[in-house]
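Now that you have both chains on their own, put them together as the hints suggest.
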Amino acid sequence: MANAREHILSRLPDAQPAPHSWQEPFAPISTLLPSDRRRTLFADKLAQNKATFSEVLARKSIPGAVARHVAKQGYAGKVILGQSLAALPWDVVDLECHWVSGENDLPLEDGLMMVSDCFAAAAETGTIITRSDQHQDSRLNFVARHHCVVLDERDLLGPYEDIWVHMQSQQKAMPRSVNFITGPSRTADIEQTIELGAHGPASLHIILVRAESTRPESGEL
Amino acid sequence: MDVTSRQFSDKAHQALRDTVLQKALGHIEEGFVEARKNAAANLPEFEELRDRGRDIRAHVIEHLGAYLRQFEDQVYAQGGRVHWARDAAEARQIVAEICAEQGARTIAKSKSMVTEEIELVSHLEAQGLKAVETDLGEYIIQLREEKPSHIIAPVIHLSKEQVSETFHEHHQIHGFEDKLTERAELVAQARSVLRETFMDADVGITGANFLVAETGSVVLVTNEGNADLVTSLPDTHIVVTGIEKVVPTLNACHTLLRLLVRSATGQETTTYTSFLTGPKRPKDANGPSNFHVVLVDNGRSAMINTQNREMLHCIRCGACLNHCPIYANIGGHAYGSVYPGPMGAVLTPQLAGLADSVDLPNASTFCGKCEAVCPVRIPLPKMMRHWRESEFEQHLTPTGMRFGLGVWSWLGRHPALYRLVQRCARLGMRVLARNGWIKALPLAGKGWTAWRDMRAPDGESFQSQWAKRGKKEPA
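Keeping their order, the protein sequence lines are chains A and B.
Residues 304 to 524 in my numbering are what the first sequence spells out, letter by letter.
Residues 26 to 500 in my numbering are what the second sequence spells out, letter by letter.
If you're looking for bench data, these hints aren't it; they were derived computationally from the structure.
Accuracy of the hints is not assured; some may be wrong.
As the list claims (entries may be wrong) - Far from chain A, by Cβ distances over 10 Å, these chain B residues were calculated:
| hint | residue |
| --- | --- |
| 1 | Leu154 |
| 2 | Asp322 |
| 3 | Ala327 |
Unchecked claim - Derived Cβ-Cβ restraints for the label pairs, each shown as a range:
| hint | chain 1 | residue 1 | chain 2 | residue 2 | range |
| --- | --- | --- | --- | --- | --- |
| 4 | B | Val45 | A | Glu309 | 48 to 56 Å |
| 5 | A | Ser338 | B | Arg334 | 21 to 29 Å |
| 6 | A | Asn306 | B | Arg413 | 32 to 40 Å |
| 7 | A | Gly367 | B | Gln118 | 50 to 58 Å |
| 8 | A | Ser338 | B | Gln152 | 50 to 58 Å |
| 9 | B | Gln419 | A | Ala350 | 36 to 44 Å |
| 10 | B | Gln152 | A | Asp394 | 36 to 44 Å |
| 11 | A | Glu309 | B | Asp260 | 28 to 36 Å |
To be verified - To spell it out: a stretch of chain B is covered by chain A in this simulated footprint if at least three of its residues, at any positions, have a beta carbon under 8 Å from a beta carbon of chain A; those stretches are:
| hint | segment |
| --- | --- |
| 12 | 56-70 |
| 13 | 161-174 |
| 14 | 277-284 |
Treat the numbers as computed from the prediction; the structure is a model and nothing was measured.
Even for Gly, the Cβ is constructed at its ideal location relative to N, Cα and C.
Chain B extracted, bound-state conformation (with noise of 0.2 Å):
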């Protein structure tokens, strides 16, 4: 996965004097935070379904290799077949094969987060085949040549007259000549335009929210409705996604989709949920004459004896992007991967090296909130602690922060020295600040306070305190 997120530094700085881009990510708290707590209050067990959640995908991992070979099996028992791919070269691979043994020309293809990572679209466009994605927000992005800046939501970062502006260059070729100014406007154009290619396309390539073990299912969520299409009207439906998507059972599935839907996008459920399984029926009305599945491992089965196992277990929700504070206000471009925020900084290193991507760990504030509402209850701030252990471990630290921690570290072991230390930069801190907050700190460089002010100590220090209450506990 070829990561661009070495300049995260220098993307975060523009991402937050770019205003277009604040005024955009200003949406995240009304669309997506309050409907997340709106949705889990109104459903009394969702505390109880978050465990049995994390329960369920902690114990498709403790059996993945049985699971999968069940799905398998499953699959063809109905007359599809099954691929697979050990990275994202052989997944690019199969499915142009595939493509080719149909003579395919068009595809037409629904979001899907394992394609952006194996960066499918570009390769089958370099083998001289349109792929023209589906999903509105999917669309825009492919129209303006970028990445998508969220996982649910690939063009949150966009205004209504930035993507009025895009269909505006790209649209008059289809006949529509006037620019547009409304939302609706821009959504039945949109639709017009893409009606073309469902009618066109040889072959559907989705993603899979889920695989169920015991039916062979491919279970796919959407509001669109374009999922459907895909898979409904051109005569092949590749399936590409990751080897950790299975569940053992539909009912566990509809656990795990009473959380995804929540924790989402606030809904109780997506306008369509779909179960699909294997191609058309010899007497049925309609359907796909191919069902391929590819499942593409593509670094995650190097993850399972990890301390990272456990991102594994994420169903690709985007709670922990939404409540992120440090996502809130840069966005998803400035993380450098098609992975962002929380979820991004623990996969991205994974999937692409900590060397390229050291920067992403250490872009959280570990308020906790991430694991607050992951709805798998994944650990994410131990597991970015994890990598900043390791970013030590391989001297990936830069040398200054490197000594700054040894000098940290051994004062720690000189308690003495330590209290004595602390003592004087509470005076000097005093002598900084000006109405008890300090504008510029010597030694933290200029980086901490250019963007805010920094507390001035206030009364004694926690030690003296603690030692003054006689080191009980309080009550």
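With the rest of the complex left out, here is chain A (with noise of 0.2 Å):
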């Protein structure tokens, strides 16, 4: 069908464009913030949207976050746990762990608990951004009953536009997936009303990792 695609670029208008504005990013003015407002907002959305927040002072102390989340969620079943967070203490916490090793190590059943990394989030409407590459399974975003995501401060941005930005600056190629996740899975399909973990999780969990520079300066978070 080499000539459809003849037959229909013949029939469009083919004027390249002159340079045009839509590279310029347009955010709402709610989205230009400085950090600690910003931290507030994305903490707002996050609730708004169904989310759940928590915070740590050094990425030492996320399995111990990680366990308190599963307590409170009374999830009494194994933890799967994304390849980039193998390196933690896992060992100070009673957690049943599984480290995602490969392609084929991730169990697709669904009903678990599953921890993962993210690159970025945006706190215009407390989005999380994850990107595939060799570390970034995507599916474990996915198929997890209940999804719990570690953002570095450092990552948190204010509008979407900023995302590709900060991604620009770490690597030049686009990757495969780049997956916004705003809150848990849901459907409103049967009588318009709200139903949480459609196909996707049914909780979402985000443990923010303070930065240095805005670390209070003493006491537990």
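This is the structure we're talking about:
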């Protein structure tokens, strides 16, 4: 059907666009905030979208935060961990952990708690953003029953447009998948009433690792 | 595109008498109309975004060929393939061939109006493939062998009880024998049944909400997460979408996404917004090995140089359906087209021919609400009016109406006579009225007063009031 392409294109206006303004970001003013207020907006939007939220002061405290979340959910099964979290001190908590080591190693059955990293978040709507690469199995975001996501505060941005600038600073190539995730999976197909856990996770918890510059001077979070 | 829009009048009457449907349609006001209103009010830039959204869409259509070439180049650069389909048959054949190449038996599908338009699933099933819709609403429709009645809420016409009956009938083979009564239980059961489909599927088929020219990305929005399972579990991903869906840049895409979701469901964003670009990279932890995009024309290029060009700006949010007094009273099935409501009343005659869908552009009170809420400001009433003009020109208007319009037109060109007739009619209507209302109107047939009373003329005519004011503009 090679000539289908020519046939269709011959019927379309083909002028090369002159330089235009669509490259420029147009972000809502409410999303352009200093870091402390950005954190507040992010937490508000997470709550609005039915996600939960906790904070830790350092990456080494992540296993403890996961254990607290697991207990709060009343979850008793094994906890599936993304590859990028393998180096953390999981031996200090009493969890049955499974570190995903390769493509065929991710359990796909329903009902599991899964923990993974994200590469950025947009405070605009309380959205975490993951990208596929050699360490990130994108399926983990969608097959879990309970999803727990670790976010470094230095990766918490304001509007969506900043996500791409942030990514460009780390890699030039577009990843296969970039997933913007806002709260747990839901559907309102039956009688326009929202039910959580349609196909993806029924619960979403974010663990924010505070940046050194914004950490409170003393005290536990 | 096959339509049953010739039965519009009969089906609309049936819909008005269908008490289950009427109750279901009652959810639109709170579920969509109020939600959109709040979402728009909570974003100060909303009106400015609408202007920008309209400008982006107009710009894209102005340079559609160039942007599609750029998109195509980017998809190939990332290791994907692009296919072009002139019509529905070509699109179906392309998809069937890819499925055959992969030796596919099971296909998981996410919701796509273009695949509804080209009737892809029934075609694949006829080839012996098992193609399963995974969006909850589309899945219910597929089990019931119905068509969607709304472009974003396919089962808005059904009650919980009807869904329960459908699942009870079809899920017993999966070991679910009890009849469910709660929504949460119905959602959980569908999740369980469809998880098997995701795991078994060899091919995943999706539509696209947008195509990004600068990166070759396909953008998908869902709340359920089904599209993400469809695009991350099977080894082949096929995107089937219309040629008009392209946008220049990621930043332009975010402007349209902010508009799309607020206008559609009143959310600020959907739960999942995914930017998918080509197949799995060599070192990636996972992802489909094959990535195909099928660009479907099916009547779209023919719209470019017509009065309906702006319909190509549509981003399929469904706001015009939700706010239409006709749609809200009869639902989507009466329209007899996969595209119902005001956007469907413009699009269906274009895709299926005016002769088969002539009632649709007439199914409007011209209240203007559709244009007032359209995120990209498409002048839908103007376009429906164009179709009514075409109807008259093509002699599709019924003889009686044509005669009436002829008389009206002749009278309009004879002002003295027009005023005389108007005066007589006013007097006649006052005689017929009881307490200011007329229950049966001669000459208008039974239709008009069967559903509502006619207000009797009150006081003087517009023309005489105008004359008294000295033909001045009011202050």
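Status of the hints after comparison with the structure:
1. Leu154: holds (20 Å)
2. Asp322: violated (5 Å)
3. Ala327: It is violated; B/Ala327 is separated from chain A by about 7 Å at its closest Cβ, not greater than 10 Å.
4. B/Val45 <-> A/Glu309: 48 to 56 Å: Roughly 50 Å apart at Cβ, these two residues keep to the hinted range, so it holds.
5. A/Ser338 <-> B/Arg334: 21 to 29 Å: Given a distance of about 46 Å, which is not inside 21 to 29 Å, the answer is violated.
6. A/Asn306 <-> B/Arg413: 32 to 40 Å: Holds, at about 37 Å.
7. A/Gly367 <-> B/Gln118: 50 to 58 Å: For B/Gln118 against A/Gly367, whose Cβ atoms are near 57 Å apart, the range 50 to 58 Å holds.
8. A/Ser338 <-> B/Gln152: 50 to 58 Å: Holds - the Cβ-Cβ distance for A/Ser338 and B/Gln152, about 56 Å, lies within 50 to 58 Å.
9. B/Gln419 <-> A/Ala350: 36 to 44 Å: Violated: the Cβ-Cβ distance is about 57 Å, outside 36 to 44 Å.
10. B/Gln152 <-> A/Asp394: 36 to 44 Å: violated (54 Å)
11. A/Glu309 <-> B/Asp260: 28 to 36 Å: holds (31 Å)
12. 56-70: It holds, with 5 qualifying residues against the three required.
13. 161-174: That given contact holds, which follows from 3 residues of the segment 161-174 of chain B lying within Cβ reach (below 8 Å) of chain A.
14. 277-284: Contact hint for the segment 277-284 of chain B vs chain A: holds, 5 residues under 8 Å.
The structure fails to meet hints 2, 3, 5, 9 and 10 from the earlier list, while all remaining hints are met.
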